[in-house]
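Visitor: Going down the list, the protein sequences come from chains A and H. To convert a position in the first sequence, counted from 1, into my numbering, add 174. To convert a position in the second sequence, counted from 1, into my numbering, add 7.
Possibly wrong hints are sitting among the right ones.
[Claimed, not checked] Straight-line distance between alpha carbons at most 27 angstroms, and here's what the computed BS3-like set of lysine-lysine pairs gives: (1) H/Lys49 <-> A/Lys185; (2) H/Lys117 <-> H/Lys64; (3) A/Lys244 <-> H/Lys49; (4) H/Lys70 <-> A/Lys244; (5) H/Lys105 <-> H/Lys66; (6) H/Lys105 <-> H/Lys117; (7) H/Lys49 <-> H/Lys64; (8) H/Lys117 <-> H/Lys76; (9) H/Lys105 <-> H/Lys76; (10) H/Lys49 <-> H/Lys75; (11) H/Lys49 <-> A/Lys231; (12) H/Lys105 <-> H/Lys70; (13) A/Lys231 <-> H/Lys64; (14) H/Lys64 <-> H/Lys105; (15) A/Lys244 <-> A/Lys231.
Honestly, the hints are just simulated from the structure, not real lab data.
If you want the building blocks of each chain, they are given just below.
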Amino acid sequence: DAGITQSPRYKITETGRQVTLMCHQTWSHSYMFWYRQDLGHGLRLIYYSAAADITDKGEVPDGYVVSRSKTENFPLTLESATRSQTSVYFCASRTRDNSYEQYFGPGTRLTVT
Amino acid sequence: EDQVTQSPEALRLQEGESSSLNCSYTVSGLRGLFWYRQDPGKGPEFLFTLYSAGEEKEKERLKATLTKKESFLHITAPKPEDSATYLCAVQVSSNTGKLIFGQGTTLQVKP
């Protein structure tokens, strides 16, 4: 099915481990985004990418790494997970035109123990 | 600092009882204001984009309006299936497409 998918949908990991969250979109959208959603903070931007091989930091990038070798994929890696990174992570994408609306994936619920 | 504030945080309505949700913003330059609906355990679902003061958009029982300082999401004769969290976001003057989100209003419509 066309759209934006995330995997895994649920993940439990231990403090200090590396974990990668995957995001895949079939629309060929230029822009992709990673957000985290926490009670009391709403949605906060972690990283975004304007095109393959172009990425930039958002509001809360510390402890995260991204890459974008292909237009359709935008993985987010937690290099050494901490409890404060327990959250729900959403990937989003949008076209390059001036409409600006972003379309979101179903989310990954990550728990760091 | 760019900021988006939504009120109320939570709203309980009886089925058929119309009301409005508020999104006020303080930004350096507005390129667009977006409304999303989010159901529990799901990603935000795009509803509307508003670009300039005076603009209105409608979809079923929802109507979004925009002024220079705030936006309203009016819900007319809501049904229980309208229960969700409604998020407001703004796109500031930038080519990056970054959105700044409010914290949302959780709406519960009782039958």
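Visitor: Now, for every hint given, state plainly whether the structure supports it.
Guide: Hint-by-hint comparison with the structure:
no., hint, verdict
1, H/Lys49 <-> A/Lys185, "holds, 16 angstroms"
2, H/Lys117 <-> H/Lys64, "holds, 25 angstroms"
3, A/Lys244 <-> H/Lys49, "holds, 26 angstroms"
4, H/Lys70 <-> A/Lys244, "violated, 38 angstroms"
5, H/Lys105 <-> H/Lys66, "holds, 25 angstroms"
6, H/Lys105 <-> H/Lys117, "violated, 35 angstroms"
7, H/Lys49 <-> H/Lys64, "holds, 24 angstroms"
8, H/Lys117 <-> H/Lys76, "violated, 31 angstroms"
9, H/Lys105 <-> H/Lys76, "holds, 19 angstroms"
10, H/Lys49 <-> H/Lys75, "violated, 31 angstroms"
11, H/Lys49 <-> A/Lys231, "holds, 25 angstroms"
12, H/Lys105 <-> H/Lys70, "holds, 24 angstroms"
13, A/Lys231 <-> H/Lys64, "violated, 32 angstroms"
14, H/Lys64 <-> H/Lys105, "holds, 22 angstroms"
15, A/Lys244 <-> A/Lys231, "holds, 18 angstroms"
The structure shown violates the earlier hints numbered 4, 6, 8, 10 and 13.
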